[in-house]
Structure formats: C-alpha cells, structure tokens
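Participant: Below, each chain spelled out in residue letters.
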Amino acid sequence: MTYHWNFASVFDNWWALAIGLAGTLKLFAVCLVFGMTLGLFVALGRRSHRRWLRWLSTFFVEFFRNTPVLVQILWFYYALPILAPIEISPFMAAILGISLNSAAYAAEIYRGGIQSIEPGQWEAARAIGMTGAQTLRRIVLPQAIRRIIPALTNRGVEIFKMSTLASVVAYVELMQQGKLIASLNFNPLEVYTVIAAIFLIILYPIVRVTYAVERRLARSD
Amino acid sequence: MSEPLLRLGGLGKSFGTNLVFSGVDLDVMPGDRIAILGASGSGKSTLLRCINALETPDEGLVEINGTPLLKADGKGRLRSTERDLCALRQRVGMVFQQFNLFPHMTVAGNVAEGLVTVRGMSSGKALERAQAELERVGLGDKGDAYPSRLSGGQKQRVAIARALAMDPEILLFDEPTSALDPALVGEVLGVIEQLANEGRTMILVTHEIGFAYHVATRVVFVAEHGIYETGTPEEVLKHPARPLTQQFLADHQRFQF
Numbered sequence: 001m002t003y004h005w006n007f008a009s010v011f012d013n014w015w016a017l018a019i020g021l022a023g024t025l026k027l028f029a030v031c032l033v034f035g036m037t038l039g040l041f042v043a044l045g046r047r048s049h050r051r052w053l054r055w056l057s058t059f060f061v062e063f064f065r066n067t068p069v070l071v072q073i074l075w076f077y078y079a080l081p082i083l084a085p086i087e088i089s090p091f092m093a094a095i096l097g098i099s100l101n102s103a104a105y106a107a108e109i110y111r112g113g114i115q116s117i118e119p120g121q122w123e124a125a126r127a128i129g130m131t132g133a134q135t136l137r138r139i140v141l142p143q144a145i146r147r148i149i150p151a152l153t154n155r156g157v158e159i160f161k162m163s164t165l166a167s168v169v170a171y172v173e174l175m176q177q178g179k180l181i182a183s184l185n186f187n188p189l190e191v192y193t194v195i196a197a198i199f200l201i202i203l204y205p206i207v208r209v210t211y212a213v214e215r216r217l218a219r220s221d
Numbered sequence: 001m002s003e004p005l006l007r008l009g010g011l012g013k014s015f016g017t018n019l020v021f022s023g024v025d026l027d028v029m030p031g032d033r034i035a036i037l038g039a040s041g042s043g044k045s046t047l048l049r050c051i052n053a054l055e056t057p058d059e060g061l062v063e064i065n066g067t068p069l070l071k072a073d074g075k076g077r078l079r080s081t082e083r084d085l086c087a088l089r090q091r092v093g094m095v096f097q098q099f100n101l102f103p104h105m106t107v108a109g110n111v112a113e114g115l116v117t118v119r120g121m122s123s124g125k126a127l128e129r130a131q132a133e134l135e136r137v138g139l140g141d142k143g144d145a146y147p148s149r150l151s152g153g154q155k156q157r158v159a160i161a162r163a164l165a166m167d168p169e170i171l172l173f174d175e176p177t178s179a180l181d182p183a184l185v186g187e188v189l190g191v192i193e194q195l196a197n198e199g200r201t202m203i204l205v206t207h208e209i210g211f212a213y214h215v216a217t218r219v220v221f222v223a224e225h226g227i228y229e230t231g232t233p234e235e236v237l238k239h240p241a242r243p244l245t246q247q248f249l250a251d252h253q254r255f256q257f
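If you're matching them up, the sequences are chains C and Y in order. So for the first sequence, this note's numbering puts the first residue at 1; every next one is plus one. So for the second sequence, this note's numbering puts the first residue at 1; every next one is plus one.
Only chain C is shown next, with the shape it has when bound in the complex (with noise of 0.2 Å):
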C-alpha cells in the first residue's frame, strides 16, 4: 500500500496555520509567565510560618495537580460562567486551565530546588544581618533556580504542547487551526504531521537555548 502524500493541500492554508500559530505562542508566553510565577508563590506558601497559608498552598497543589488540564479548561469554560456572574472566553478558560496546572507542578519544583540548598547558606546570610526576604532573593534562589533549570525546561515543553488543548473550547490556535483545515481538505494526515513538525522545530531550538542558559549559570562550578 502506497500512500501519496499531498502537502499542498496544507501549505495551501498556510496563512490559517500562521494565525493559528499566533494564538498559540501568545498562549504559551502568557501561561509560561503566569504559571511559573505563580507556582514560585505557592512553593514559598508551603514554606511558610502561617499554617493557613502552608494549607492553602497544598491544597492548590493538590488539587490542581490531581485533575486533568482538559478538564479544568472546560470547567473554567462552561461550568465557572454558570456559577459566577462572569463571562469567560476561550482564551481565558485556556490559560486559568494551563497556568493553575502549570504553578502546581513548578510549585513542587521550586519546593524541592529551595529545600534541596544547604541549611549553612542561610545561616550565612543571616549571620551577616540578612533578612529572610533577601537570603531567599540574593542567595537560595540563584542556587536553587540552577538547579531545577532542567525540570523548570521540561515544564515549559510541557506547557507548549498543552496549548493543543485549548482547541477543545475552540480557542484558535495551531491544533484548532489544524482541525479546521483537515475537516475542509479531508487531509488529517498530512495536517497533524505539518503541526507536529511545527511544534518540533520551535520548540527543539528553545530546548537548545535553555541548555546553554544552563551552562553559563554552571560556570562558577
């Protein structure tokens, strides 16, 4: 069995792609900041003295952690308008979803980078008349954010390809664009290998990039 493969059919709509490609990115650069932000606030909730906070925190994690994305987007879409007097786009639904998940993980990410730096770091900052606030900004942080780079990497990837779900509340990006242009052409194969391929030749290049931020930070070792 010969298949004839015909990427014409998809290049053809290559403007659709483009547009769909926009939205993606913008969603990933908006639930790459938010999460990962968010996530440092819950990792330091964990870690703090106030037993509300600590439990607010893990319940965050937990239950943000324990139940799926896909889930969550549509929640926030069609479930969250009904019970509050707000009106949700897909946009919106798309990154409450990916962010909340993302800051869940990254939370226990950054939890374990701050724990894994040795007690006489802050001993040593507080000796020299340090307050909390600056040890963690000035000393445990840039310890700990080297070494949970390849982790913070793997989210990252992660949240990219996890903007594909925002297509289920037909948020238009790549995968939605995709749908779109396959159920017109009849041509779903050659579509999803084109996203595929797009998906791979940004994201490999971001990979390479934070490989080399990696390096450079490792340079006082």
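Treat each hint with caution, since some may be false.
Derived coverage of chain Y by chain C (criterion: at least 3 residues anywhere in the stretch with Cβ under 8 Å from a Cβ of chain C; other residues may be distant) [unchecked claim]:
1) 97-104
2) 113-124
Here are the in silico distance ranges between beta carbons for each label pair [claimed, not checked]:
3) C:Arg65 with Y:Glu82: 48 to 56 Å
4) Y:Lys125 with C:Leu200: 31 to 39 Å
5) Y:Asp25 with C:Arg65: 51 to 59 Å
Derived, one-sided and incomplete: chain C residues facing chain Y with beta-carbon distance under 10 Å [claimed, not checked]:
6) Ala125
7) Ala127
8) Met130
9) Pro142
10) Gln143
11) Glu158
12) Arg219
Rather than coming from a laboratory, the hints here were simulated on the basis of the structure. Using N, Cα and C, we set each Cβ at its ideal position, and we do this for glycine too.
With chain C fixed as given, assemble chain Y onto it according to the hints.
Facilitator: Quick look at chain Y alone, frame taken from chain C:
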C-alpha cells in the same frame, strides 16, 4: 570598670527534652578573646550560635553595650523582631566550620554582599572595601575567582573577610579549622591571630588547645549543661581545678610527643 561589650544573661537552651545548657552568664569586655572548650556534644557550638540567634535560646538575653537585642520569653520564642535580630547580627560577625561561602558569587562578591544588600552601599564602593578585606587575609589576587576554585584554608579566609567587611564589634568563630586538612590549619589560625593582635573582641569555639592557650585572654570550659570552669589560659589549661576539665585536657594530651 567599663561596661561589657557583650553580656549573656541566664541563657538556656534545650532541644526537646534534651537540656543543652541553662543559666549561662558571660560578660565579654572590649578586647576580650574568649576560647570556649569542651567535649563533643557539650553544647559549645550551640551556645555560640545562640549569641547571634542562629539558634533560638529558650531563656535569657543577649545584650550589646547594655541594649538587649535578643530576649527569650521562656517558651522557646524570641521577643525580638526580625529588625532587632538583623541589627544584632550586623554587630556580631560569624565564621562557620563549613565556611558556607555563597558558591554562585565570586570571592569579592561574597565579601561585598552584606555591604550591598544589608547596608545599601553601591556595588563599586562595596567591591573596593571587599578588596581591602581580601588583602588583609592575604587573598588580594583571588577576588574574581569562584569559591569552588579555592582550597579549604583560602575559603575560610574569605569567610573571615566576609565577616570583617561588616565591621562587627565581636567575631564568633565556630570551630573554624575543624573542617580543614592539617596542613591548612596554620594559615587560618595565622589570620585569627593577626585579628587578635589588632585587639578585636572575639569568641572562639575550638579544639586547638595550643592556639587557645596562646591567643585567648580567657578560657571557658563547657560541661554539665553550663560553664564548668573559667579563668585565664594559664589557670584553666595548665592548672585545671575541676575533674572534668582535668580529664578533658589529659585526653587531649595523650598522644602528644
């Protein structure tokens, strides 16, 4: 008689039900060099770490120039704000057994860090000051190196420079040579001796009894949950009056030749 620079009043500490020490009183006058000796596990490091609140004492207080900067409420909590503790720690420098240099910063960055972050000094000025402190400990050419490139002795000298940069009124040394190769002990003791000769006030927890004898103005022997015997190095180390001190010194001299 002048005021003591540092005064410990009724200091006590337990870990759970395990009493480390209680009722420790100590007056440190300007220029005093106090060596704290004692068996392993006698609580001498814990005592030192209570002075700058790295350990939280259960009871008692720490005063500097008559101002109580650290006060325990008897329930294992401090009646001091973070601001008080930071103020206390800026006046009391500390050097650790394991150096605890910041590995992600250069040697000069390590020394300048407190000046920039705690004192708000510009980084140019702070690095200038760091260079001066590094020269004082004989490492003027190592400012741009990272700690991982240094020997243990060099690391400890950087740690001393880092403490000195904050202009502390008192220096605490927590077994500063215990993690070093025997061949590197001398260079660190040399720097501490030089600081002693400058008339700096210091408290030193050490196993180097010979060094304590030559450099300290007073020796404190810790045993039985408190200060067991104290006096001049001549009194405590040459003519110990109490049995545990005698035993400790005898054990230490067993393999001398």
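Participant: Are the hints correct? Go through all of them and say.
Facilitator: The hints, checked one at a time:
With 6 residues carrying a beta carbon less than 8 Å from a beta carbon of chain C, the stretch 97-104 of chain Y meets the three-residue requirement, and the given coverage holds. Here's how the stretch 113-124 of chain Y fares: 4 of its residues keep a CB closer than 8 Å to some CB of chain C, so the rule of at least three is met and the hint holds. The hinted window of 48 to 56 Å between Arg65 (chain C) and Glu82 (chain Y) is violated, with their beta carbons roughly 33 Å apart. At roughly 51 Å, the beta carbons of Lys125 (chain Y) and Leu200 (chain C) sit outside the given window of 31 to 39 Å.
Asp25 (chain Y) and Arg65 (chain C) have their C-beta atoms about 53 Å apart, which keeps the hinted 51 to 59 Å range intact. With a cut of 10 Å, the hint placing Ala125 (chain C) at the interface with chain Y holds, because the nearest CB-to-CB distance is about 8 Å. For Ala127 (chain C), the interface hint holds, since its Cβ comes within 10 Å of a Cβ in chain Y; the closest pair sits about 4 Å apart. A hinted interface residue such as Met130 (chain C) counts as satisfied when its beta carbon comes closer than 10 Å to some beta carbon of chain Y; here the least separation is about 6 Å, so the hint holds.
Contact between Pro142 (chain C) and chain Y, as hinted, is supported at the beta carbon level, the nearest pair being about 5 Å apart and thus within 10 Å. The restraint placing Gln143 (chain C) at the interface with chain Y holds, with a minimum CB-CB distance near 5 Å, inside the 10 Å limit. Hint status for Glu158 (chain C): violated, given a least beta-carbon distance of 27 Å to chain Y, over 10 Å. Interface restraint check for Arg219 (chain C): the shortest CB-CB distance to chain Y comes to about 8 Å, inside 10 Å, so the restraint holds.
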